[in-house]
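Note that the protein sequences, when read in sequence, are chains A and B. Using my numbering, you'd call the opening residue of the first sequence number 2 and step up by one each time. Using my numbering, you'd call the opening residue of the second sequence number 1120 and step up by one each time.
Calculated from the structure, these hints are not laboratory results. Take these hints with a grain of salt, some might be off.
[Said to hold, decoys possible] Computed Cβ-Cβ distance ranges for the label pairs, DEER-style:
(1) 1132/B x 87/A: 17 to 25 Å
(2) 1157/B x 61/A: 42 to 50 Å
(3) 176/A x 1138/B: 20 to 28 Å
(4) 131/A x 1168/B: 52 to 60 Å
(5) 176/A x 1165/B: 19 to 27 Å
(6) 81/A x 1130/B: 48 to 56 Å
Predicted, not measured: the structure shown is a model, and the values here were computed from it. We treat Cβ as the ideally placed atom computed from N, Cα and C, and that holds for glycine.
Now for the letters of each chain:
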Amino acid sequence: MSLPSSGQIAFSNVASEMEQTAYTESHYNYWFSIWGRGYNSNYPAASNDFVLAPINVHSSNSGKYTTTTPFTLSNWYGFTQFATYACDGTNRSLFFNISPTAFCNPSATIIFDAGTTSRNLDITISGNSTDFNYVAGIRVWYGRPWTTNGLGYGIGCQLVYENNSVGSGLSTTINYNYTYNAAFGQYIYVVIYGICP
Amino acid sequence: MAILVNIANGSSPSYNLYYADEYYCNGSTCEYQQSNVLVALTSSVSPSYTRYYPLEAGGFAYRLTSTASGGPGAILVPASYTTCTLACSV
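Chain A with its partners taken away, still in its complex shape (with noise of 0.2 Å):
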């Protein structure tokens, strides 16, 4: 699935594509440039907060949505949330998908899949203190960290790492012991969230 590349677009349509399509808070509700960037996304909220899909940074949406004001729908052309990595031990960039001085709480993720076989997985996590300026904390998912209403987190996901001091920069490698669980599915999930400045 993805946006389309031309044509008419919607906001439904983008909220669809972000996994959102049943977030109902008024106040919220078609505030695009909260949800569209994944504001508040993964935060570590209780179960009756907000959290919100971030964009996923892939590289095949790179320039397909909305990095700075004014938002424009145009610029969700071709956009799609299922973009995944292999977990071939290449070097994947994860940033935040928009200015974290221009708003508190961005947030941003890069989805891998690892398949149905159970494995030990090797992942790596790496960046100086100018590429986590402003990141308050990076963690790892196995399976979906959110829901689509935009209520609370850790449904059907498993927590794998989770480093909430990162200022100074991060190198690390997590062995992880994967274990295929049809209900959380077969991908993983690394997400960076924003403090505000």
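Once you've looked at the hints, dock chain B against the given chain A.
Frame of chain A; chain B shown alone:
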């Protein structure tokens, strides 16, 4: 530079955990010791609940009884045998 993430197949094997009956290898005979011992078998092996697996470190053999979900388990040799005495003879 950017935040870089990569995921690769790990160099060490992954294991599935099981409960098993434990047998002490006393020469050419097997002596039942206890049940519900937590053991680990590499995940590339399809487990058999009717065969016996030697302990990788030697001295014991195990017959799997059910799957387990957590905790450290004694690592078994992936090869299995129809009888406990055969498992103890390797």
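(message) If you test the structure against every hint from before, which numbers come out violated?
(response) 6
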